[in-house]
Amino acid sequence: MKPLHGGKLRARRIPLGFNKRPDKMVRAKLIGAALAAVAVVAWSGAALFQRGLGAKRFSPGEVAEVHATWDAKCIACHEPFKSVRDGALEVSFAGLTAADDNRCIKCHNGAPHHATEIPSEVGSCSRCHYDHQGRLANISRPANVVCTSCHADMSRHMRTAEGFPAITPPLAETVTEFESDHPPFRSISTDPGQVRFNHDLHMTAGLNVGFSDRQLASKDRAKYEMKDGLVQMACGDCHGTDGEAQDIELARAATARSGSGIPARFGNGDYMVPVRYEDHCQACHPLSYQAGQPLDEMDVVPHRLIPSEIRGYLASVFGGGEEVNSSEPSEDKVDLMAPLTGPLGSPPAESEYAELQEAISGAEKHLRNVCAQCHILDVSGGGAAGGLEPVLPSQIPEVWYRFARFDHTAHRAVTCQECHADAYPESERTSSVNTDVMIPDRDICLKCHSSEGAGKDASGASLGGARHDCVECHRYHGGDYPLHGAGSKVRSAGKMQRVRDFLLGAESD
Amino acid sequence: MLVNRNTLSMHSRWIAVFVTGTVLTMVWYFFYASNDGSDRWPGGSSPPGLTFGIVGGAIMLFEFLLWPKKKLRRFRFGRAQVWMRAHIWLGLLTVPLISFHAGVDWGGELTWILMVLFWFVIVSGVLGLLLQNVLPRLLLSDVPAETIYSQIDHVSSRYATEAENVVRACCGHPAEDWITTGSADHSSATAMIVGAERTMISTKVDFFELKNESQANMLMERFESHILPYLSNGARSGSMLRKAGQSGLFYDGLRTSLPADVHPVLDQLEEWTTARRQFDRQAKIHGWLHGWLSIHLPLSVALILLMFVHILFALKYR
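Protein chains in written order, with our numbering: chain H, 1 to 509; chain V, 1001 to 1318.
There's no promise every hint is true.
Restricting the straight-line Cα-Cα distance to at most 25 Å, the calculated cross-link-like pairs of lysine-lysine (BS3-like) are [claimed, not checked]:
no.: 1; chain 1: H; residue 1: Lys489; chain 2: H; residue 2: Lys82
no.: 2; chain 1: H; residue 1: Lys56; chain 2: H; residue 2: Lys24
no.: 3; chain 1: H; residue 1: Lys106; chain 2: V; residue 2: Lys1070
no.: 4; chain 1: V; residue 1: Lys1316; chain 2: H; residue 2: Lys24
no.: 5; chain 1: H; residue 1: Lys106; chain 2: H; residue 2: Lys489
no.: 6; chain 1: H; residue 1: Lys82; chain 2: H; residue 2: Lys56
no.: 7; chain 1: V; residue 1: Lys1316; chain 2: H; residue 2: Lys82
no.: 8; chain 1: H; residue 1: Lys24; chain 2: V; residue 2: Lys1069
no.: 9; chain 1: H; residue 1: Lys106; chain 2: H; residue 2: Lys73
no.: 10; chain 1: V; residue 1: Lys1070; chain 2: H; residue 2: Lys24
no.: 11; chain 1: H; residue 1: Lys56; chain 2: H; residue 2: Lys73
no.: 12; chain 1: H; residue 1: Lys495; chain 2: H; residue 2: Lys106
no.: 13; chain 1: H; residue 1: Lys73; chain 2: V; residue 2: Lys1070
no.: 14; chain 1: H; residue 1: Lys20; chain 2: V; residue 2: Lys1316
no.: 15; chain 1: V; residue 1: Lys1070; chain 2: H; residue 2: Lys365
I should point out that these hints are in silico values taken from the structure, not numbers from a laboratory.
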């Protein structure tokens, strides 16, 4: 038997031209390739001509939530065939032009950083704000390098009319990281406040004088906690965030008084509202003008009156005018702008006048001590005409960190003592005078706001881990007005639009 | 394309290109990323990302040209081996290039599809390379009767025809084109089988015509129920002959039942059966050896087309 598998023998079994027709494997490849091509063309065509969400298919990633409306409207932000980044490779090396920021500015008029910035160093919006990083990306949180490209070498990136100024403390020539070379907070170097206040005294049970609830008017007794029968004050008795402002008028008045420029964002609780006499002081420090009155029937003068107004008020009371006998004086009951009426309208007899003057003087003498307990009297003018000196303005900063932002609400789970230890009597450096600054400096912040494990507490335990990048505290835009919020005029939209134009982006141009 | 110890020297230059390219790519990318200071990996618009995208895209286009190069082999655009080596090692170099171009991210829908396609193409290519290094040796050792894959059915049908002629002649019903030589009493003769379309097959079979009718019927019955279906359709027939062990038992049984004079015929039938079994094996190995291309090529087509869509949109909205 001859072998079956000889090459020649096998070859003779194969018809000539067998290779003219592709086998099934080759056919499968060709059919697969054709189907793939058709699928790509169909997919791309469907995406191109699909109204609404078609363009989204070609997007390199979802835009952030705040831009989700324009996810499928590329030209709302992009100018065709122009890079949105002025730092892009082809812009840098090929000399192609980048798009301007007009499409961003239509909605976000990003204010200049500082008046001293060098314009040529200021990049386009997208140099710092990358989008297409997904719905949950925070595109307003650029990396530190964006800031340190200048702040690591400040003297070369800051220019005034006189040229490049020398960087002197408290400004720092080099800042690269919060946890390494950030300078101490310059806005807490001194306390400009002019109200006498002793935190040590107020935070001690009984205020060091055995102060008990019996020394409070009955309506105020529930306000304070008691410890061993003595009043024990807590931080919250005087300090509360704007998140607690239940009365819009109250909150508005507080903001107006502060003159800080903080936008009216009542309810967020970022900042502490200023201490208000009627809410936080009056229970223990009633403005009585007569000694020896029972607590619940005490006659008091309204707060925030200037000496002449106090004199008028007392004249009104002692002269038989409208009786004011309330421990709850309110501005409703005294119209400070209205002319004084009543007894002053019809001059009293001489004996009555002398008697009235004596009563007023006695009351003013009493009030002088009451006022001076907290306020510093301005004796520079030799005393007011009525005998009472004006008091110096309180000047208690409403916002301490003037070059950064702080959110008390974000820190609500941490005890006040962790950051304001000197306000407590237990502290070795407990504060007894109003000039002590008890606002935490960088070292306190670093306990949490540093690399994980880098922060240490007093016992040496490793802390840290909280965010500590530049934008955690600092805003870039409007750097000369760091407390301006997103609602400030310098950040308003570059172009006011109708809803349709706003939603359609540049398509409606 | 074999990549083994013996052929390593032929690949050494391309391996150097791949390793150097990968190292340079990584050094530039990670250096840029560390100095960029961003908390995200540099993407396609960054200087290294865009460069990698351009280079990676050009390589992918070159890789794809292997297909038209094979189709147009008569024009001789360089040596096929050089093309294949470049295809393998430059193709692997696109992995770091494209990964870094993408910023180690999947991006949106189009880029996600591109990345999936890219990885399928790479994985299928590597799989194909591995198969090409293993299966040909298997084919040499397991399939000595190897024929052209596309002609397996044709050759098998010829075997079936020849086998049928032999068996019919042996059972006393020779076909019309049956040519015998030797003694006229038909007790022993040599047949020349006419089978192939274009020429006479020179296979010669010593056969003996069975006089015993029951034996002839049995042979014919076994042939028609088992041997013929298997020779014609192979493993698709479901016949027991597709397994070597059972096939041996089957033919041993026939040899026991039939006189020794018929054994050369049975030997011939068994050899054709063995050849058919090898064809089955060859078809299976061939499927693995070339089947990956049925995935690799269509996905490559889709990848290249979508790459141009990506380039267009990346240029328009960048």
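Hint consistency between lysine 24 (chain H) and lysine 1069 (chain V) [alpha-carbon to alpha-carbon, up to 25 Å]: holds (21 Å)
Hinted pair lysine 82 (chain H) and lysine 56 (chain H), Cα distance within 25 Å: At roughly 19 Å apart (the allowed maximum being 25 Å), lysine 56 (chain H) and lysine 82 (chain H) satisfy the hint.
Pair hint lysine 73 (chain H) and lysine 1070 (chain V), alpha-carbon separation not exceeding 25 Å: Violated - the C-alpha atoms of lysine 1070 (chain V) and lysine 73 (chain H) are around 43 Å apart, more than 25 Å.
Pairwise hint evaluation, lysine 24 (chain H) against lysine 56 (chain H), where the allowed Cα distance is 25 Å at most: violated (39 Å)
Holds or violated: lysine 1316 (chain V) to lysine 82 (chain H), with C-alpha atoms at most 25 Å apart: holds (7 Å)
Straight-line alpha-carbon gap lysine 106 (chain H) to lysine 1070 (chain V), limit 25 Å: violated (55 Å)
Straight-line alpha-carbon gap lysine 56 (chain H) to lysine 73 (chain H), limit 25 Å: holds (8 Å)
Lysine 495 (chain H) paired with lysine 106 (chain H) [C-alpha distance capped at 25 Å]: Answer holds: lysine 495 (chain H) to lysine 106 (chain H) is near 5 Å, not above 25 Å.
Hinted pair lysine 1070 (chain V) and lysine 24 (chain H), Cα distance within 25 Å: It holds: about 18 Å lies between the C-alpha atoms, which stays within 25 Å.
Hint consistency between lysine 106 (chain H) and lysine 73 (chain H) [alpha-carbon to alpha-carbon, up to 25 Å]: Between lysine 106 (chain H) and lysine 73 (chain H) the Cα gap is close to 15 Å, so the pair holds against 25 Å.
25 Å limit on alpha-carbon distance, applied to hinted pair lysine 106 (chain H) and lysine 489 (chain H): holds (14 Å)
Distance restraint between lysine 1070 (chain V) and lysine 365 (chain H), which requires alpha-carbon spacing of 25 Å or less: The given pair, whose Cα atoms are some 111 Å apart, is violated under the 25 Å limit.
Checked against the numbered hints given earlier, this structure breaks hints 1, 2, 3, 4, 13, 14, 15; the rest are met.
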